[in-house]
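A.B. asks: Sequence:
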Amino acid sequence: MRIILVHGFNANPTSNFHPWLASELRNKGFQVVVPELPLSTKEEINLPEIIEKMKDQVGYLKNDDILLGHSLGAFIILQYLEAIEMTETPRAVILVGAPFNVSRPELRRLFIVDLDADVLMWKAREFVVVHAQDDQMVPFDHGEKLAVQLKARLIAPQNGGHFMDEKYPVLLETIEEIANRPFEFEPGQSLEDDYTDIQTLL
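Going by the numbering used here, the first residue of the sequence shown is number 5, and it counts up by one from there.
Derived by calculation from the structure, the hints in this document are not laboratory data.
Take the hints with a grain of salt, since some may be wrong.
[Unchecked claim] No farther apart than 30 Å at their CA atoms in a straight line, the calculated lysine-lysine pairs in the DSBU-like style are these:
| no. | residue 1 | residue 2 |
| --- | --- | --- |
| 1 | Lys66 | Lys32 |
| 2 | Lys46 | Lys171 |
| 3 | Lys32 | Lys149 |
| 4 | Lys171 | Lys59 |
| 5 | Lys171 | Lys66 |
| 6 | Lys155 | Lys57 |
| 7 | Lys32 | Lys46 |
| 8 | Lys66 | Lys155 |
| 9 | Lys57 | Lys171 |
| 10 | Lys46 | Lys66 |
| 11 | Lys57 | Lys32 |
| 12 | Lys171 | Lys32 |
| 13 | Lys59 | Lys155 |
| 14 | Lys59 | Lys46 |
| 15 | Lys66 | Lys149 |
| 16 | Lys32 | Lys59 |
| 17 | Lys59 | Lys149 |
| 18 | Lys171 | Lys155 |
[To be verified] The calculated label-pair distances, taken between Cβ atoms and stated as ranges, are:
| no. | residue 1 | residue 2 | range |
| --- | --- | --- | --- |
| 19 | Glu48 | Asn16 | 26 to 34 Å |
| 20 | Asn16 | Tyr64 | 35 to 43 Å |
| 21 | Arg30 | Val152 | 16 to 24 Å |
| 22 | Asn16 | Asn67 | 23 to 31 Å |
| 23 | Asn16 | Gly165 | 29 to 37 Å |
| 24 | Gln140 | Lys66 | 30 to 38 Å |
| 25 | Pro52 | Asn105 | 17 to 25 Å |
| 26 | Asp145 | Asn31 | 33 to 41 Å |
| 27 | Arg185 | Asn31 | 31 to 39 Å |
| 28 | Asn105 | Asn14 | 15 to 23 Å |
Every residue gets a Cβ at the ideal spot worked out from N, C-alpha and C, and that includes glycine.
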């Protein structure tokens, strides 16, 4: 099983919790991919280049893949899901401390308002939003809004801030729980059926 960890902007695979999480996952037998991407808020965002770097380092997504993105890196995962040709559906996408939107115009096109959430929710078997209630950089209501938009499961620890420290057991626990749970549904089957109350003609 492959775990893909996508760092945030102005960061890299050696930043924040990524080295610890990657090491813990490898020790437990997971294959871990931590792509290094040109993500800097100090430069113009070149989304096609970023997607190409993801393709080079991640490639096609498989049924057993679990993707975890931190902060703005979470939206690179969503953009990747929209941009690439998919023949299999990843097991889960975990969005950690992800903002719902930002005021900077050069970053706005990364966000959910410019992504097709109705299509995205079918591109993984499960979406999970992990957002700390004491996040001072990205307020907690961003996580709540994102979870609603993607019909995602929300995990809301009281402490954790913006997940910029070296170690967060909740992230390892979330990945392990998803990895150990057998497939029960095809994509979208956990969504409410809008046609339940419609009478069928005999």
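A.B. asks: Determine for every hint whether it applies to the structure shown.
C.D. replies: Cross-check of the supplied hints:
1. Using a Cα cut-off of 30 Å, the hinted pair Lys66 and Lys32 holds, with the two alpha carbons roughly 20 Å apart.
2. With a CA separation close to 27 Å, the supplied pair Lys46 and Lys171 stays within the 30 Å bound.
3. As the CA atoms of Lys32 and Lys149 are separated by approximately 33 Å, the hinted pair breaks the 30 Å bound.
4. Proximity of Lys171 to Lys59 is assessed by CA-CA distance (about 28 Å); at most 30 Å being required, the pair is judged to hold.
5. Annotation: proposed proximity of Lys171 to Lys66 holds, straight-line Cα distance about 27 Å (limit 30 Å).
6. The suggested pairing of Lys155 with Lys57 holds, with an alpha-carbon distance near 29 Å, which does not exceed 30 Å.
7. Our distance criterion of 30 Å between C-alpha atoms is broken by Lys32 and Lys46, whose separation comes to about 37 Å.
8. Distance check on the hinted pair: Lys66 and Lys155 sit about 22 Å apart at the alpha-carbon level, within 30 Å; holds.
9. Restraint check: the Cα-Cα separation between Lys57 and Lys171 comes to about 27 Å, which is no more than 30 Å; the hinted pair holds.
10. Of the supplied pair hints, the one linking Lys46 and Lys66 is violated, its CA atoms being roughly 33 Å apart against a limit of 30 Å.
11. At roughly 27 Å between alpha-carbon atoms, Lys57 and Lys32 fall within 30 Å of each other, so this suggested pair holds.
12. Between Lys171 and Lys32 the CA atoms are separated by roughly 16 Å; this keeps the pair inside 30 Å, and the hint holds.
13. As the CA atoms of Lys59 and Lys155 are separated by approximately 27 Å, the hinted pair is consistent with the 30 Å bound.
14. Under the criterion of a C-alpha separation no larger than 30 Å, the hint pairing Lys59 with Lys46 is consistent with the structure, at around 23 Å.
15. Restraint check for Lys66 and Lys149: satisfied, since their Cα atoms lie roughly 28 Å apart, inside the 30 Å limit.
16. A C-alpha spacing of about 26 Å is found between Lys32 and Lys59, which places the hinted pair at or below 30 Å, so the restraint holds.
17. Between Lys59 and Lys149 the CA atoms are separated by roughly 29 Å; this keeps the pair inside 30 Å, and the hint holds.
18. With a CA separation close to 27 Å, the supplied pair Lys171 and Lys155 stays within the 30 Å bound.
19. Between Glu48 and Asn16 the CB atoms are about 19 Å apart, so this pair departs from the stated range of 26 to 34 Å.
20. Against the hinted window of 35 to 43 Å, the Cβ-Cβ separation of Asn16 and Tyr64 comes to about 24 Å, which falls outside the hint.
21. A hinted range of 16 to 24 Å is violated for the C-beta pair Arg30 and Val152, which are about 34 Å apart.
22. Against the hinted window of 23 to 31 Å, the Cβ-Cβ separation of Asn16 and Asn67 comes to about 29 Å, which satisfies the hint.
23. Checked against the given bound of 29 to 37 Å, the beta carbons of Asn16 and Gly165, roughly 19 Å apart, lie outside it.
24. For the hinted restraint 30 to 38 Å between Gln140 and Lys66, the CB-CB distance of approximately 37 Å keeps it satisfied.
25. Between Pro52 and Asn105 the Cβ separation comes to about 22 Å, which falls inside the hinted range of 17 to 25 Å.
26. Restraint check, Asp145 to Asn31: a C-beta distance of roughly 36 Å satisfies the suggested window 33 to 41 Å.
27. Between Arg185 and Asn31 the beta carbons are some 21 Å apart, a value that contradicts the proposed interval 31 to 39 Å.
28. At roughly 19 Å, the beta-carbon separation of Asn105 and Asn14 lies within the given 15 to 23 Å, and the hint holds.
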